[in-house]
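**Q** Could you put the whole structure together from the sequences, leaning on the hints where they help?
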Amino acid sequence: MFGPHPLALELARIARRRGTPLFLGIRQDYRRYIGGRLPSRAWLWAVPAAHALDLAFRRLARDAPTVAVGAELGERYRRSGGRVLVTGFSLVPRSEIVPVENALARSWDGGLRVLSVGRLDPEKNPLLLAEVLAGLRRRHGAWRLAVAGEGPLAERLSARIAELGLEDAWELLGYVPNGPRLWQEYRRSHAFLHVSHTEGLPQVLFEAQAACLPIVATDVGGVRAALAEGRAGLLVRPDDPAGAVEALERLRLEPELRRAVVSAGHELVRGETLEDQLDRVAEFFRQTLPR
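Residues 1009 to 1299, numbered by the working numbering, are exactly what the sequence shown covers, in order.
There's no promise every hint is true.
Stated by the list, open to error - Label-pair ranges, simulated between beta-carbon atoms:
(1) E1275 <-> S1115: 17 to 27 angstroms
(2) L1265 <-> G1027: 53 to 63 angstroms
(3) L1297 <-> E1083: 15 to 25 angstroms
(4) P1014 <-> V1108: 42 to 52 angstroms
(5) H1013 <-> P1107: 33 to 43 angstroms
(6) W1116 <-> L1297: 43 to 53 angstroms
(7) E1175 <-> D1287: 41 to 51 angstroms
To be clear, the hints were calculated from the coordinates, so they are not data collected in a lab. Since we're looking at a predicted model, the values are computed, not measured. Note that the Cβ used here is the ideal one computed from N, Cα and C, for glycine as well.
**A** Written out as structure tokens, the structure is:
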């Protein structure tokens, strides 16, 4: 049962009444998720409601085995006293991991493509990408931005890019389905940028690591743990375009740093493929299912 959600609580009550084994799935911090998506101040009432639902779900987790995405969420649910499996959410099969030697041989002397993948909505903070691109171009004119995703902020992002005079330095790819076409976009790029306000443990980090891209990402939610405390990617503060620019420029100018980040990410993702994560979840179910 995925949540927190009002319907999930009711369905959990029904499952318990019928004696049906119940497992919980938690993908993100519900309180931050709701707080970051309010359309106006008229919706502020939703924040305490989200806190109440979050508390109700953590109480439910005292007795229901729980699969939590990311170390931060996992720790919060462990404090409730229940059994918790901390995992990621990867759709990358083992067969799609790029050989690290191929990635490290990629030239950074010509045009440089930084890729961002995600929904274009407020919690993902896509408008910051325009400011980062402007800063990058001021430092080094070879940088270009590619954005894969769609959402309500697509037009505003395009307008801001135009306002900054950067139309020729970016491409909006729109929705790119998970699979060969998306893998190709990663492999065409030099670096990966993630600027979200809130996260559990974003699957795009696994995708970027599988492509052996050096990563710059905001230090939110489970991102720090996914990047091995900064060894497998450079962490920056949310809403800090200058920090993101500086991190990407470090990757350009410091080949040894780039090599270290890529190698650490490659090592991590080899244990976080689709097959690995499914095996861990299946084993957790077997161990905790009532006999």
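**Q** Now tell me if each hint is right for this structure.
**A** Hints and how they fare:
For E1275 paired with S1115, a C-beta distance near 23 angstroms keeps the hint of 17 to 27 angstroms intact. Distance hint check for L1265 and G1027: the Cβ-Cβ separation is about 55 angstroms, which falls inside the suggested range of 53 to 63 angstroms. The given range of 15 to 25 angstroms is respected by L1297 and E1083, whose C-beta atoms sit roughly 24 angstroms from each other. Hint check: P1014 to V1108, Cβ distance near 46 angstroms, so the stated range 42 to 52 angstroms holds.
The hinted window of 33 to 43 angstroms between H1013 and P1107 holds, with their beta carbons roughly 41 angstroms apart. At roughly 50 angstroms, the beta carbons of W1116 and L1297 sit within the given window of 43 to 53 angstroms. Restraint check, E1175 to D1287: a C-beta distance of roughly 46 angstroms satisfies the suggested window 41 to 51 angstroms.
In the structure shown, no violation is registered for any of the earlier numbered hints.
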